[in-house]
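J.: Chains U and L are the protein sequences, given in the same order. Every letter in the first sequence is one number past the one before it in the working numbering, and letter 122, counting from 1, is 122. Every letter in the second sequence is one number past the one before it in the working numbering, and letter 233, counting from 1, is 233.
Hint data in this document are derived by calculation from the structure and do not stem from the laboratory. Keep in mind that a hint or two might mislead.
Label-pair restraints from in silico Cβ distances [as the list claims (entries may be wrong)]: (1) L:Gly222 to U:Thr411: 49 to 57 angstroms; (2) L:Lys61 to U:Gln18: 30 to 38 angstroms; (3) U:Arg5 to L:Gln140: 37 to 45 angstroms; (4) L:Lys61 to U:Val110: 38 to 46 angstroms.
Only part of the chain U face toward chain L is listed, based on derived beta-carbon distances under 7 angstroms [stated by the list, open to error]: (5) Ile41; (6) Cys68; (7) Gly108; (8) Arg143.
When the alpha-carbon atoms are kept at most 25 angstroms apart in a straight line, the in silico PhoX-like pairs for lysine-lysine are as follows [what the hints assert, rightly or not]: (9) L:Lys347 to L:Lys329; (10) U:Lys425 to U:Lys355; (11) U:Lys91 to U:Lys61; (12) U:Lys116 to L:Lys347; (13) U:Lys351 to L:Lys262; (14) L:Lys81 to U:Lys106; (15) L:Lys351 to U:Lys262; (16) U:Lys61 to L:Lys355; (17) L:Lys106 to U:Lys61; (18) U:Lys237 to U:Lys11; (19) U:Lys262 to L:Lys347; (20) U:Lys81 to L:Lys106; (21) L:Lys351 to U:Lys355; (22) L:Lys116 to U:Lys116; (23) U:Lys116 to L:Lys473; (24) L:Lys116 to U:Lys106; (25) L:Lys81 to L:Lys237; (26) L:Lys91 to U:Lys91; (27) U:Lys347 to L:Lys61; (28) L:Lys473 to L:Lys237; (29) U:Lys61 to L:Lys61; (30) L:Lys61 to U:Lys355; (31) U:Lys61 to L:Lys347; (32) U:Lys262 to L:Lys355; (33) L:Lys106 to U:Lys116; (34) L:Lys116 to U:Lys91; (35) U:Lys347 to L:Lys262; (36) U:Lys81 to L:Lys116; (37) U:Lys11 to U:Lys355.
Virtual Cβ for every residue (Gly too), placed ideally from N, Cα, C.
There are 2 protein chains.
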Amino acid sequence: MPAIRHALSTKREDDFAQWYQEVISEAEMAEESGVRGCMVIKPWGYGIWERIQRLMDDRIKAAGVTNCYFPLFIPLSYFAKEAEHVEGFAKEMAVVTHHRLVGDGKGGLVPDPEAKLEEPLIVRPTSETVIGAAMARWVQSWRDLPLMVNQWANVVRWEMRTRMFLRTSEFLWQEGHTAHADRADAMTETLRALEMYRDFAETELAMPVIAGEKPENERFPGAVATYSIEAMMQDGKALQAGTSHYLGTGFAEAAGIQYQDKEGTQQYAHTTSWGTSTRMVGGVIMTHGDDDGLRVPPMIAPHQIVILPMLRENDEDEALLAYCEELRKALVTQFALNEPLRVLLDKRPGKATQKRWAWVKKGVPLILEIGGRDAAGGQVSMLRRDKLWNEAAKANFVALAKEDFVARAVTEIEDIQTSLFAEAKGKLEANISRAGSFDELAAAFADDKRYPGWVEVEWSRPTGAALEAVVQKLKALKLTIRNTPLTAQPVSGNCVFTGDAAVERIYVARSY
Amino acid sequence: MPAIRHALSTKREDDFAQWYQEVISEAEMAEESGVRGCMVIKPWGYGIWERIQRLMDDRIKAAGVTNCYFPLFIPLSYFAKEAEHVEGFAKEMAVVTHHRLVGDGKGGLVPDPEAKLEEPLIVRPTSETVIGAAMARWVQSWRDLPLMVNQWANVVRWEMRTRMFLRTSEFLWQEGHTAHADRADAMTETLRALEMYRDFAETELAMPVIAGEKPENERFPGAVATYSIEAMMQDGKALQAGTSHYLGTGFAEAAGIQYQDKEGTQQYAHTTSWGTSTRMVGGVIMTHGDDDGLRVPPMIAPHQIVILPMLRENDEDEALLAYCEELRKALVTQFALNEPLRVLLDKRPGKATQKRWAWVKKGVPLILEIGGRDAAGGQVSMLRRDKLWNEAAKANFVALAKEDFVARAVTEIEDIQTSLFAEAKGKLEANISRAGSFDELAAAFADDKRYPGWVEVEWSRPTGAALEAVVQKLKALKLTIRNTPLTAQPVSGNCVFTGDAAVERIYVARSY
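Here chain U stands alone, though its shape is the one from the complex:
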């Protein structure tokens, strides 16, 4: 087979980090903004985020959660309360100290010393504290429970090392916060949110994940239990793509979320919180991208099908465009994956092959290239992004009668969604190994250049100092415990760390 000339200059296996940056740049998803750690999300990247947001929002609403909006700024005093409990408190957050600019008399501008805020404001790193304060106002009686709210917003955490979509100082996310009458109800909601995320990742993002409980050392501060979905990137590292926390009554006690129960007694609510972010876009890139750029699962693709007329800037263009428009119309009335097909007729000027490769790199699921001869003969040339190359190392176009394509378009789109999931699922399963001892575990990660994926081990779920010893031992190998899968097989042996009888299985991996 002749060598394929891939669309990107960096291959995944040569330099995964560089490849990731190249996909983002070549697929025109995002770019540096000139503000350290903040990115400009370009139309194609934002279009994917909008699809994710809309589909996730539908699921959140279907669960009876309502959206709210809380202020961008949080008074410093809200954090001072938190700092009391945290030794050596220091937080990387954007601090607003002035509310006006004035000229410095030398042609420049400075914060106006006359407009210094009495109390500095913090740009929200999460809205947890203000939502807690609101819940304390809104919850009075058992009739007000459960109270379930969600917010879509930008948040800021000052980061020293940033990577687009994975870790940026400003990012977009949703945070769900719920209050319940008792532990059982709150735990049900915690696991409902986790299952929502698992199903969303696998169905909408075609990204297989493991849902499970994080170990004690990885719990969200103040949480009684933290759960996550973990996805395997193509370099074998794990990406935490969503978390759900059961907070017990600790958060309600701090925020004053109390209700009168049916017997008239004041009780603290049991609360939960759960979140996902633009990080998911990074997960999609590293799950589905290949050496030709991104491949977007059809459910979250802004356009599922792009029609590319091969315009020649002559008299024949009109008939060609009419043919393409007719095709577009025949497609958009059809439903795939429960929604009308999203089809773009790309009429922009420019060479068709250049435009084709731009769409390949963007990862649009299906490209239809149509020339004057195709139009005259009632044909289309179909290129599936997930089957890009033929055996001759050429773009794998399939010629079809227009009617035949229209008849099978929905099937093709749905098949691409299924195929991308199956491919990623195959990779995930192929790259989970098992280790029966710590030495076996260490050996699996011995080659520092290549990640073998994840390793499943049995452990005794140590706590406190015993757990800390395990964490440090793993840290020396740059490893972390990802989670205890909810659906794991029963244990049969001893803990690979402590030698005690094992109680559950965990995944160990390098991670983002």
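With chain U held as given, fit chain L onto it using these hints.
T.: Chain L only, in chain U's frame:
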């Protein structure tokens, strides 16, 4: 007719400003957040905003504009450039000066002096400057034009006097920015956006508006022409509810947005910008609210129909709930105003009458109250929010067979949308008067306690100092020129300000 006991304690005619605050509070739309000038948008208020956002976004996308996301922070230097051109530049903006908090050693927290930013960052008051910089990168050739992007985001303008939804330090908005090859194309886009806003206000918000050009003194800084939609609130004041600007090439020259035309010559692009915000929610309240609270037009109502079972916490509840659920299912499969009916079955515990009045104050278009007897007899009791009181000053319930209601639900919902618009349109028209002289104009606003609405006059469109004289004369009467309607009748007389021959008509009013 007996006296109606309205649901609010303040009537519009007694104290409009107080009434406005009471609607927001009683309809649970928003509340103070504890951060000066920032509000918490509660589920009902945010649900209305989400409807507005989704419907507006559909229109923006249908026009071929793509959404992007730009950073929250803007380097100070971007504003310094602007300040060079503005005498006595001083801007009320939130300034970020530090990126970390540390303990002050006394149990409190302070901005870490070690973490002072080299260059302060401004929380975006608009993203205009960063979008301009991005456009300069993205536009190279005539093939890249038109470039049309939009952003949905939060922005911050430090405000001394704030009023919820109308003027808050942080608010939510969309800002469209487009670049074109020539003036004609840019003007077409400017007017397209204006017309989109006009039609959106009248169709989706049921809020009649006047679309027209702002006078020179009200132009956006740097704009060649600024257009607005103006709505009349029930106190007779005008609310500017959306703006669209043609910016000529000035903005492109400042930002460096240049393209190579077909002949190979470098040209500056012609740009536009246009925006609407959460202010529209304030407009909806002051257009449709009455002495019983808000009335939400069905197109933007999070729930169009609320079913209220009169639960008794006994064995009969189950049958009643089953009856209501069956009704809900029969309704949600129907389409009204191009979308499936949005129906809530409100099963929360609590007294039915209390719940009824809560929904009345929230302004849900249609309430169905259903008791055990109704369920047994196959009946429903319907209450239309826009026909709330009967002649006996009681809640105007209409008893219907369930099947009859199901058959007419869509008609009722669509009729409410139409009726709210017709009612508001009638008020607008009834409260526009005409003045043939400045004395007549002044006389119309002589009673400082009551606003007569708007006054239409003819003028000579003076510029420069002559315009400034007009503006000051009006300011003394607390009046402003709203706009020159695009669809005005031809002029026939002289300018009421200058006495010169009139060239066009304008609206003069008090305003928010």
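J.: All hints are to be evaluated individually against the structure, with a verdict given for each.
T.: Cross-check of the supplied hints:
no., hint, result
1, L:Gly222 to U:Thr411: 49 to 57 angstroms, "holds, 53 angstroms"
2, L:Lys61 to U:Gln18: 30 to 38 angstroms, "holds, 34 angstroms"
3, U:Arg5 to L:Gln140: 37 to 45 angstroms, "violated, 25 angstroms"
4, L:Lys61 to U:Val110: 38 to 46 angstroms, "holds, 41 angstroms"
5, Ile41, "holds, 4 angstroms"
6, Cys68, "holds, 5 angstroms"
7, Gly108, "holds, 6 angstroms"
8, Arg143, "holds, 5 angstroms"
9, L:Lys347 to L:Lys329, "holds, 15 angstroms"
10, U:Lys425 to U:Lys355, "violated, 31 angstroms"
11, U:Lys91 to U:Lys61, "violated, 33 angstroms"
12, U:Lys116 to L:Lys347, "violated, 50 angstroms"
13, U:Lys351 to L:Lys262, "holds, 15 angstroms"
14, L:Lys81 to U:Lys106, "holds, 13 angstroms"
15, L:Lys351 to U:Lys262, "holds, 15 angstroms"
16, U:Lys61 to L:Lys355, "holds, 21 angstroms"
17, L:Lys106 to U:Lys61, "violated, 45 angstroms"
18, U:Lys237 to U:Lys11, "holds, 17 angstroms"
19, U:Lys262 to L:Lys347, "holds, 17 angstroms"
20, U:Lys81 to L:Lys106, "holds, 13 angstroms"
21, L:Lys351 to U:Lys355, "violated, 63 angstroms"
22, L:Lys116 to U:Lys116, "holds, 15 angstroms"
23, U:Lys116 to L:Lys473, "violated, 37 angstroms"
24, L:Lys116 to U:Lys106, "holds, 22 angstroms"
25, L:Lys81 to L:Lys237, "violated, 37 angstroms"
26, L:Lys91 to U:Lys91, "violated, 29 angstroms"
27, U:Lys347 to L:Lys61, "holds, 17 angstroms"
28, L:Lys473 to L:Lys237, "holds, 18 angstroms"
29, U:Lys61 to L:Lys61, "holds, 23 angstroms"
30, L:Lys61 to U:Lys355, "holds, 21 angstroms"
31, U:Lys61 to L:Lys347, "holds, 17 angstroms"
32, U:Lys262 to L:Lys355, "holds, 19 angstroms"
33, L:Lys106 to U:Lys116, "holds, 22 angstroms"
34, L:Lys116 to U:Lys91, "holds, 14 angstroms"
35, U:Lys347 to L:Lys262, "holds, 17 angstroms"
36, U:Lys81 to L:Lys116, "holds, 23 angstroms"
37, U:Lys11 to U:Lys355, "holds, 22 angstroms"
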